[in-house]
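Asks: Using the sequences plus the hints, can you model the full thing?
Quick note, the sequences are listed as chains A and B, same order.
Take the first sequence: its letters are residues 409 to 759, numbered as in our numbering.
Take the second sequence: its letters are residues -16 to 277, numbered as in our numbering.
Hints are computed from structural coordinates only; laboratory data are not their basis.
Just to be clear, a hint being listed does not mean it is correct.
[Unchecked claim] Just the calculated beta-carbon pair ranges, DEER-fashion:
{"hint": "1", "chain 1": "A", "residue 1": "R512", "chain 2": "B", "residue 2": "I269", "range": "36 to 42 Å"}
{"hint": "2", "chain 1": "B", "residue 1": "T164", "chain 2": "A", "residue 2": "D536", "range": "45 to 51 Å"}
{"hint": "3", "chain 1": "B", "residue 1": "F103", "chain 2": "A", "residue 2": "L473", "range": "28 to 34 Å"}
{"hint": "4", "chain 1": "B", "residue 1": "V262", "chain 2": "A", "residue 2": "T607", "range": "55 to 61 Å"}
{"hint": "5", "chain 1": "B", "residue 1": "T164", "chain 2": "A", "residue 2": "K515", "range": "32 to 38 Å"}
{"hint": "6", "chain 1": "A", "residue 1": "A574", "chain 2": "B", "residue 2": "I269", "range": "38 to 44 Å"}
{"hint": "7", "chain 1": "A", "residue 1": "N476", "chain 2": "B", "residue 2": "F103", "range": "19 to 25 Å"}
{"hint": "8", "chain 1": "A", "residue 1": "D536", "chain 2": "B", "residue 2": "I269", "range": "26 to 32 Å"}
{"hint": "9", "chain 1": "B", "residue 1": "F103", "chain 2": "A", "residue 2": "K478", "range": "21 to 27 Å"}
{"hint": "10", "chain 1": "A", "residue 1": "R420", "chain 2": "B", "residue 2": "T164", "range": "25 to 31 Å"}
{"hint": "11", "chain 1": "B", "residue 1": "V121", "chain 2": "A", "residue 2": "A574", "range": "57 to 63 Å"}
{"hint": "12", "chain 1": "B", "residue 1": "S140", "chain 2": "A", "residue 2": "E465", "range": "57 to 63 Å"}
{"hint": "13", "chain 1": "A", "residue 1": "L700", "chain 2": "B", "residue 2": "T164", "range": "44 to 50 Å"}
[Stated by the list, open to error] Listing some non-contacts, in silico: residues in chain A with all C-beta distances to chain B over 10 Å:
{"hint": "14", "residue": "E524"}
{"hint": "15", "residue": "S646"}
{"hint": "16", "residue": "N716"}
[Stated by the list, open to error] Calculated Cβ distances over 10 Å to all of chain B for the following chain A residues:
{"hint": "17", "residue": "T411"}
{"hint": "18", "residue": "S446"}
{"hint": "19", "residue": "T462"}
{"hint": "20", "residue": "S737"}
{"hint": "21", "residue": "A744"}
{"hint": "22", "residue": "D751"}
Here a beta-carbon is modelled for each residue, glycine too, at the ideal position from N, C-alpha and C.
Letter by letter, the chains look like this.
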Amino acid sequence: MATVALKGVKKRFGTVDVIHGIDMEIADGEFIVIVGPSGCGKSTLLRMVAGLETISEGEIQINGLRVNEKEPMDRDIAMVFQNYALYPHMSVRQNMAYGLKIARIPKPEIERKVAEAAKLLQLEPYLDRKPRELSGGQRQRVAMGRAIVRQPAVFLFDEPLSNLDAKLRVQMRLEIRELQSKLGITSLYVTHDQVEAMTMANRMIVMNGGVAEQIGTPLEVYERPRTLFAAQFIGSPSMNTVQGTAADGMVTLPGGAVLPCRSRHSGPVTVGIRPEHVHVDPNGPLALDVTLTEPLGATTLLHGKLKNGAELFTASLQGVHTTEQGTHSVQFSVPAEDIHLFDPATTLRLD
Amino acid sequence: MAAPERKTQGKLPAAGMVEKRGSALWMTHALMILGVLVVFFPIWLAFVASTVTQPEIVSPPMPLLPGGHFVENYTRALFAGVNIPVATMLLNSLVMALGIALGKIAISLLSAFAIVYFRFPGRTTFFWMIFITLMLPVEVRIVPTYEVVAGFGLLNSYAGLIFPLIASATATFLFRQFFLTIPDELAEAARVDGARPMRFFVDIVLPMSRTNIAALFVILFIYGWNQYLWPLLITTEPEMNTIVMGIKQMFPSGDDTADWPVIMATSILAMIPPVIVVVSMQKLFIRGLVDSEK
Chain A
409 MATVALKGVK KRFGTVDVIH GIDMEIADGE FIVIVGPSGC GKSTLLRMVA GLETISEGEI
469 QINGLRVNEK EPMDRDIAMV FQNYALYPHM SVRQNMAYGL KIARIPKPEI ERKVAEAAKL
529 LQLEPYLDRK PRELSGGQRQ RVAMGRAIVR QPAVFLFDEP LSNLDAKLRV QMRLEIRELQ
589 SKLGITSLYV THDQVEAMTM ANRMIVMNGG VAEQIGTPLE VYERPRTLFA AQFIGSPSMN
649 TVQGTAADGM VTLPGGAVLP CRSRHSGPVT VGIRPEHVHV DPNGPLALDV TLTEPLGATT
709 LLHGKLKNGA ELFTASLQGV HTTEQGTHSV QFSVPAEDIH LFDPATTLRL D
Chain B
-16 MAAPERKTQG KLPAAGMVEK RGSALWMTHA LMILGVLVVF FPIWLAFVAS TVTQPEIVSP
44 PMPLLPGGHF VENYTRALFA GVNIPVATML LNSLVMALGI ALGKIAISLL SAFAIVYFRF
104 PGRTTFFWMI FITLMLPVEV RIVPTYEVVA GFGLLNSYAG LIFPLIASAT ATFLFRQFFL
164 TIPDELAEAA RVDGARPMRF FVDIVLPMSR TNIAALFVIL FIYGWNQYLW PLLITTEPEM
224 NTIVMGIKQM FPSGDDTADW PVIMATSILA MIPPVIVVVS MQKLFIRGLV DSEK
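Replies: Structural data, given as structure tokens:
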């Protein structure tokens, strides 16, 4: 049970700044997902919380205590690594018990805790096996078990599901989420997968280039992205952007199409439209020249270009739309509340 | 034997490169047996010579089948010898070979661990310094080494036999390469689990290097056992002779006749411990050379 606070946390490798100052307060029991593309500094941030990387500037607090100078073991954290990092020569039981053994916890208590965690993770039949005799999902569970037995204040996950196949990933995602809410342990979870971020997070940090683009609940980020990057990173397929000009609650696109919007802003803007917010409407102001359709079953993706414009555009329509060969055109409209406007210079949201 | 035959069945005869059938099979075996005979013949002669009497050896033609003095000759060698009982020399060799092998492994494990897992000033310099000593065989530095050992008063002692040979660049280098293949996350996981560096070394690194240690032990034991020049220099008292150099000392100077049966028995005895080590550790040895177990 713990709170975590990041205060102006910065990381420098030599003269290169990789994390430019992150501030955040994490409440007890919260599940925070740090999401971003490769190289955005998300793993580095997690490793700084873990104590595996030094903190160049700023402060990290766990339960209100500065931990900058503390060794990982003194921070009361547990970490699940991307490649699990199980000790290959130890059995599952020994792997899970190792941390407790070092902490000089009495043997019967270790036994009890390992048994408890094994039961929770359905690892009981495998306790005497070596990691190499386990499947990917089982190894993943052992790594979780090793974290759980220590009953840490904070769980840290570093892309724990990225080595699993798609189906197992969905299953493990649910298991981790369930386990975390059952145990109520504050968690930080790093991923590059926006679906994991959306489904698991209480709140998420969208990171890009060492900067937290937005911190908020998944729906906040989805509905009111603070920056163009956050808007495009969250949501699949990603948000379409078109350059346009706003005036008096209307935006005019290059092709001359005029769309209503909620903003009072006037001047050049970047217009963001999520593919799933497109409504087919024979009288709609926009027309899409479809060059490619991707039927996904539940939805159909239409890829093409906007009429009178050069911008690539993707629309996602409910249901199956039989594909016609060759280019064809679809008229559509977008509700005013689904139009996102961003400042072309700063990429910040305009309201 | 059956597997390759089954494999080739049904294949076109043109794919004969790796085919082992009929005459080809016999040819390879004949060659192999011939090779073994060539290598084994001198050892056989030595064995024969160790089971007959002195006059039988010196009167040509030399016998090719073992005689009836096996027990007598070997007992004489082990407990009387020429200058010193062979049993003493065997013990000396054993102490030296074990000391060198175990010492080298311990030191190189620790130095490789330091080089790989700790960042300290001059880390690369130290590594290259160790590496460069690889280029210098014992013989090149034998005179200064002798000076130092004599200065410490270590002539005719186990310490003098072992210490100058105990540092090993090769083993350090091998362990370094192996440690580099251990994923960093393992060290980090151990850190998160609360293991201090030496604990990590003992609990994680050592067990993972088990097969490498075994392979090196075999190589280093034989290296230590076969040392000739160094023991020859620093052991002047027969009680400290090792067996490999001791055999040479058994040859008489001047016109005395050599006691060939005893010398040959000693040679055979000198071969036995390395053979035992190789055979008993063969499985681990090959595993250590072949797979990295991960």
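Asks: Against each hint, give a clear statement of whether it holds in the structure.
Replies: Evaluation of the provided hints:
1. A:R512 x B:I269: 36 to 42 Å: 39 Å, holds
2. B:T164 x A:D536: 45 to 51 Å: 27 Å, violated
3. B:F103 x A:L473: 28 to 34 Å: 30 Å, holds
4. B:V262 x A:T607: 55 to 61 Å: At roughly 59 Å between Cβ atoms, A:T607 and B:V262 fall inside 55 to 61 Å, so the hint holds.
5. B:T164 x A:K515: 32 to 38 Å: For B:T164 and A:K515 the Cβ distance comes to about 33 Å; the hint holds.
6. A:A574 x B:I269: 38 to 44 Å: 40 Å, holds
7. A:N476 x B:F103: 19 to 25 Å: For B:F103 against A:N476, whose Cβ atoms are near 23 Å apart, the range 19 to 25 Å holds.
8. A:D536 x B:I269: 26 to 32 Å: Because 27 Å falls inside the window, the suggested range holds.
9. B:F103 x A:K478: 21 to 27 Å: 22 Å, holds
10. A:R420 x B:T164: 25 to 31 Å: Check passed, 30 Å falls within 25 to 31 Å.
11. B:V121 x A:A574: 57 to 63 Å: 60 Å, holds
12. B:S140 x A:E465: 57 to 63 Å: 59 Å, holds
13. A:L700 x B:T164: 44 to 50 Å: This hint holds: roughly 45 Å between Cβ atoms.
14. E524: 18 Å, holds
15. S646: 31 Å, holds
16. N716: The claim stands: A:N716 keeps its Cβ more than 10 Å from every Cβ of chain B (closest is about 53 Å).
17. T411: 20 Å, holds
18. S446: Label holds. Min Cβ-Cβ 17 Å, cutoff 10 Å.
19. T462: 12 Å, holds
20. S737: 53 Å, holds
21. A744: 50 Å, holds
22. D751: Answer for A:D751: holds, closest chain B Cβ roughly 41 Å.
Violated hints amount to a single one, hint 2; each of the other numbered hints is respected by the structure.
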